[in-house]
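Peer 1: Take a look at the letters that make up each chain.
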Amino acid sequence: MIFKISYTSLNFILFVLATMLVYFCFPAKKYKWTVLLAASVFFYAVAGYVYAAFILFTSLSTYLIALWIEKVSTASKALLKAKKKEWDRDRKKAYKNRIKIRKRWIMTLALVMNFGILAFLKYYNFFSGSLNDMLGVFGIGFSAPTLKLFLPLGISFYTFQSMGYIVDVYREKTPAQKNPLKLLLFVSFFPQIVQGPISIYDQLAVQLYEPHEFDFTRVKHGMELVLWGFMKKLIIADRAVAAINAVSPPIGGEITFSDAVSTYSSYNGTTLTFIILLYAVQLYADFSGGIDISRGVAQIFGIDMIDNFKRPYFSKSINEYWRRWHISLGAWMKNYIFYPIAMSNVFLTASKKMKNSRFGKTSAGAHIAKVLPTSFASLVVFLVVGVWHGANWKYVMFGVWNGGIIMLSILMQPLFDSWTDKLHLKRESFGFRLFQMVRTFIVVLVGYVFDVAPDMQQAFVTIGKFFTAQSFSGFFAQFSTLNLYGSDCLLIALGTLTIWITSLIQEKHPDTDIRTMLDKKPFFLRAALLYIGVMSVIVFGVYGSGCNIADFVYGGF
Amino acid sequence: MKKKLYLTRTAKLSCFFLAIILTVGFLQDFYLRNLDQNTIHLDGYYYEKEDSLDVVLLGASEVYTGFSSGMAYDKYGFTSYPYATESITADGMMLALKEIVRTQKPQMILIEINSYLYGNFEKNQDNVNVRKLVDNIPLGKNKINFISKFIPADMQIEYYMPIIKYHSLWSNLPEQARRMVSKLQMTFHHNSVLKGYHTVTGGLEKDFAFVEPSDKKTALNPGFEEKLRELLTYCKENDLNVAFMRTPHYIISDTFTRSKRTNAAAEIIESYGYDFINLEKDYKAVGIEPSTDFYDIDHLNIYGTDKLTDYLCTLLQNKYGVKGKPLSGKVKERWEEAATGFNQLRRYCLDLMEVQHKRMSIEEDTATLAMIKKY
Chain X
0 MIFKISYTSL NFILFVLATM LVYFCFPAKK YKWTVLLAAS VFFYAVAGYV
50 YAAFILFTSL STYLIALWIE KVSTASKALL KAKKKEWDRD RKKAYKNRIK
100 IRKRWIMTLA LVMNFGILAF LKYYNFFSGS LNDMLGVFGI GFSAPTLKLF
150 LPLGISFYTF QSMGYIVDVY REKTPAQKNP LKLLLFVSFF PQIVQGPISI
200 YDQLAVQLYE PHEFDFTRVK HGMELVLWGF MKKLIIADRA VAAINAVSPP
250 IGGEITFSDA VSTYSSYNGT TLTFIILLYA VQLYADFSGG IDISRGVAQI
300 FGIDMIDNFK RPYFSKSINE YWRRWHISLG AWMKNYIFYP IAMSNVFLTA
350 SKKMKNSRFG KTSAGAHIAK VLPTSFASLV VFLVVGVWHG ANWKYVMFGV
400 WNGGIIMLSI LMQPLFDSWT DKLHLKRESF GFRLFQMVRT FIVVLVGYVF
450 DVAPDMQQAF VTIGKFFTAQ SFSGFFAQFS TLNLYGSDCL LIALGTLTIW
500 ITSLIQEKHP DTDIRTMLDK KPFFLRAALL YIGVMSVIVF GVYGSGCNIA
550 DFVYGGF
Chain B
0 MKKKLYLTRT AKLSCFFLAI ILTVGFLQDF YLRNLDQNTI HLDGYYYEKE
50 DSLDVVLLGA SEVYTGFSSG MAYDKYGFTS YPYATESITA DGMMLALKEI
100 VRTQKPQMIL IEINSYLYGN FEKNQDNVNV RKLVDNIPLG KNKINFISKF
150 IPADMQIEYY MPIIKYHSLW SNLPEQARRM VSKLQMTFHH NSVLKGYHTV
200 TGGLEKDFAF VEPSDKKTAL NPGFEEKLRE LLTYCKENDL NVAFMRTPHY
250 IISDTFTRSK RTNAAAEIIE SYGYDFINLE KDYKAVGIEP STDFYDIDHL
300 NIYGTDKLTD YLCTLLQNKY GVKGKPLSGK VKERWEEAAT GFNQLRRYCL
350 DLMEVQHKRM SIEEDTATLA MIKKY
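Chains as they are written, first to last, in numbering that gives the first Met the number 0: chain X, 0 to 556; chain B, 0 to 374.
Calculated directly from the structure, the hints in this document are not laboratory data.
Check before you lean on any hint, since a few could be wrong.
Heads up, simulated SDA-like pairs for lysine to any residue below, C-alpha to C-alpha not over 25 Å straight-line [as the list claims (entries may be wrong)]:
(1) Lys122(B) / Lys1(B)
(2) Lys315(X) / Gly329(X)
(3) Lys219(X) / Asp50(B)
(4) Lys219(X) / Ile20(B)
(5) Lys11(B) / Thr515(X)
(6) Lys122(B) / Gly543(X)
(7) Lys70(X) / Ala51(X)
(8) Lys3(B) / Cys24(X)
(9) Lys28(X) / Lys1(B)
(10) Lys1(B) / Glu506(X)
(11) Lys2(B) / Leu13(X)
(12) Lys11(B) / Val536(X)
(13) Lys11(B) / Leu9(X)
(14) Lys147(X) / Lys95(X)
(15) Lys140(B) / Met93(B)
(16) Lys2(B) / Pro26(X)
(17) Lys11(B) / Gly532(X)
(18) Lys333(X) / Arg322(X)
(19) Lys3(B) / Asp258(X)
(20) Lys373(B) / Pro325(B)
(21) Lys306(B) / Gln355(B)
(22) Lys464(X) / Leu20(X)
(23) Lys142(B) / Ser13(B)
(24) Lys219(X) / Ser544(X)
(25) Lys333(X) / Ile305(X)
(26) Lys11(B) / Leu226(X)
(27) Lys11(B) / Phe434(X)
(28) Lys48(B) / Leu183(B)
(29) Lys3(B) / Gly329(X)
(30) Lys142(B) / Arg525(X)
(31) Lys95(X) / Glu69(X)
(32) Lys102(X) / Pro26(X)
(33) Lys11(B) / Leu13(X)
(34) Lys1(B) / Glu69(X)
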């Protein structure tokens, strides 16, 4: 590796500026997209050329299989047209079914190959470990080997994105891309490769291939968004991560799992509560900050990527939270997992059967029969989301927690509604909405415990400590071990307050964005705010060789 | 209309970026930087008029704590400056010598060899010590060559833009602010009053057993020997008028090997035809009293400074024929200010040591300069 090129490095800023210069000065408008492709290939090669084989394999297999699916589809349509008069209805139907099955097999081939690589690299050791534990319980001496596996940069994101494209081609929602280099750009577009957002082909590809001219306002807005992302990531997230790592040290290097457990279990309930709250701030600042940088850079080139966050901590239900948090993953899961399950014959038939049963005639039964497919599909989606977060039982539990709460809330909605009515609570009142937000936030925080704790057992111990081991004197005694100084606390608090205020403004004006609103303010005010922003990042940011620079939390997915 | 819009935008953007660059530049030079006593020592050196110094001393902290340029001018009439930083590395010595050659034409350069006496060659790569020197050298050919030769590629940018490394010092408020004010004051006056002198008022804090130096030799670490030979070759090739020395040290059993390495270094230096003045061994000739003249085992206190400065100046005059050039105007005024300043500082130190019994680190800062005026 020649030099590091993480999104928050000076190298990345220079890289983007150089790409901008070449892109906007590129004489052949029709081929402007090749500049983005060259930049993406360069970025990926510098970030880790050893992984290039994986992304090339995914791109190539996606390209070929999409073409294959389309070829089968086109050929079948042509045949049907040719045999329109010759074949009767049943024969046409049978042929269509055969083609559908054939296309499904081809699609499955792509899914198995690409998700297979992801699953093997990400989950092999988890499954082999779990298998060995299980066999050990039964006294079987077999031991599956543990492999030293590495995860190629952005593998989850580009695999999900590519497979989404394959499914869309299968569903004939989008035509297959004929140019392999254009598809490679869609898979590897550099602002999104590290941690998404997971884009849908229809939304992103057209923008990528269009020639965009220099637009001052758009470039300015893009840069402002990048600056906002830098502030979140470098001032807040990378400062808070030191305390989180002090309590729950990342396993690896010299830190073994038992070291991590021993450190983590030494903290009392109050310190752990503080850390979970801090984690909520850190995770949001880290992930949304990174996405802001990605979206800002894309915007500079005239490409609008999906907004991954819509002020998730203002959500009034866990369901809403997941519609506001990591929106692109939620949309992917909805399109490619939730609907296929909820709309599957199995569930629709089960729902129908329940509705027609004696239980289904009761009001509760009718409701359960109606929402059964969606609630079960939600549980499955969140199990997948949990497993996607990491190869560890604690993440499975994270999925069960979120999916379970959503499932329960769907199933018990009529009951909650009747309680609300009986208590004469006004659903639109500020107090009730605040209660809903706080309640949702607490549910989210409990979910975060599974992220922060070293394993599932410690996560449950932590939840127990919330109720049994609260001690402020203990917290103050332990505070010195958190690697947080007064200046850090001040900056995290000020940073969080700034995010909160801007989120409130944005929440009140959902149809516009802060940058557009800022454009209407006098030049000196805008310049002063931007000056403060830039100087804050330079002075208060956590970067440089003397600092503990943290990778993006979702960067290793 | 469109042209006017472009012009307005360009002007606004230029103003904005200029404001950022100026702020970053100011912070990088005066606040968010490696700001310590070494900054003050070297800043002072670079404020000396080109080719105005008669003698330059090169080395580590032994040099700026053991030798006073103010006293040398006051008593012997020649101008001098210790070009020295804390634990300067062997590679740093070569860079510093090149900087001396670039900026001055002294009659004599006295080189203290501390940097070559360590047992572990890793000392040469100690980033903290490298930065104490390099961060305080103005950007130029020597500095650029040093960075490209010795600094890992991924860290080089931090040498050109120190704010990348030191921006987190914003919270180190009182200490950074104190030194920023001193640096600003020195920048404003374009002159160092104490000429890089630094001391601590007091004696040895622990009752160490003094080990008498001997003639025994221990070979230098091969890496350091190579570096010393490189320096000697450079001196030869550039026909520099140099002599090498070892300042007095309070030798204890732990540092005795270093003292034996000094003897080995002397042999190498003399084989190149240069003088080696071993005042660690000949401390009695200087008049050093180990029990009273050190503030720690490596550094002389104000009593020791008086004796060493006297001894070296006499040697420079008598053996090497160093003579002070006639000065006039502002330059003369400043050297007289330096002489007065050091005499005031000495009285201040003696007051702290003998009357107030207060152990303090004394360096050129705003508070010290204000304080010594009372003496």
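Peer 1: For a C-alpha distance cap of 25 Å, please report whether Lys1(B) and Glu506(X) respect it.
Peer 2: Answer violated: Lys1(B) to Glu506(X) is near 36 Å, above 25 Å.
Peer 1: Quick one, are Lys11(B) and Gly532(X) close enough, alpha carbons at most 25 Å?
Peer 2: Holds, at about 17 Å.
Peer 1: Run the distance test for Lys122(B) versus Gly543(X): straight-line Cα separation, threshold 25 Å.
Peer 2: 23 Å, holds
Peer 1: Compare the distance between the alpha carbons of Lys2(B) and Pro26(X) with 25 Å, and conclude whether the hinted pair is satisfied.
Peer 2: Roughly 23 Å separates the two Cα atoms, so the pair holds.
Peer 1: CA of Lys102(X) to CA of Pro26(X), is that 25 Å or under?
Peer 2: 41 Å, violated
Peer 1: Compare the distance between the alpha carbons of Lys11(B) and Phe434(X) with 25 Å, and conclude whether the hinted pair is satisfied.
Peer 2: Violated, because 47 Å separates the two Cα atoms, which is more than 25 Å.
Peer 1: Take the C-alpha atoms of Lys3(B) and Asp258(X), compute the straight-line distance between them, and say whether it is at most 25 Å.
Peer 2: Status violated; Cα separation ~65 Å.
Peer 1: Are the Cα atoms of Lys70(X) and Ala51(X) separated by 25 Å or less?
Peer 2: 28 Å, violated
Peer 1: Does Lys1(B) sit within 25 Å of Lys122(B), going by the straight-line distance between their CA atoms?
Peer 2: Violated, because 61 Å separates the two Cα atoms, which is more than 25 Å.
Peer 1: Would the hint linking Lys464(X) and Leu20(X) be met if the CA-CA limit is 25 Å?
Peer 2: Distance ~55 Å between Lys464(X) and Leu20(X) Cα, so the pair is violated.
Peer 1: Is Lys1(B) close enough to Glu69(X), meaning Cα to Cα at most 25 Å?
Peer 2: Distance ~49 Å between Lys1(B) and Glu69(X) Cα, so the pair is violated.
Peer 1: Are the Cα atoms of Lys28(X) and Lys1(B) separated by 25 Å or less?
Peer 2: 23 Å, holds
The structure shown violates the earlier hints numbered 1, 3, 7, 10, 11, 14, 19, 20, 22, 23, 24, 27, 29, 30, 32, 34.
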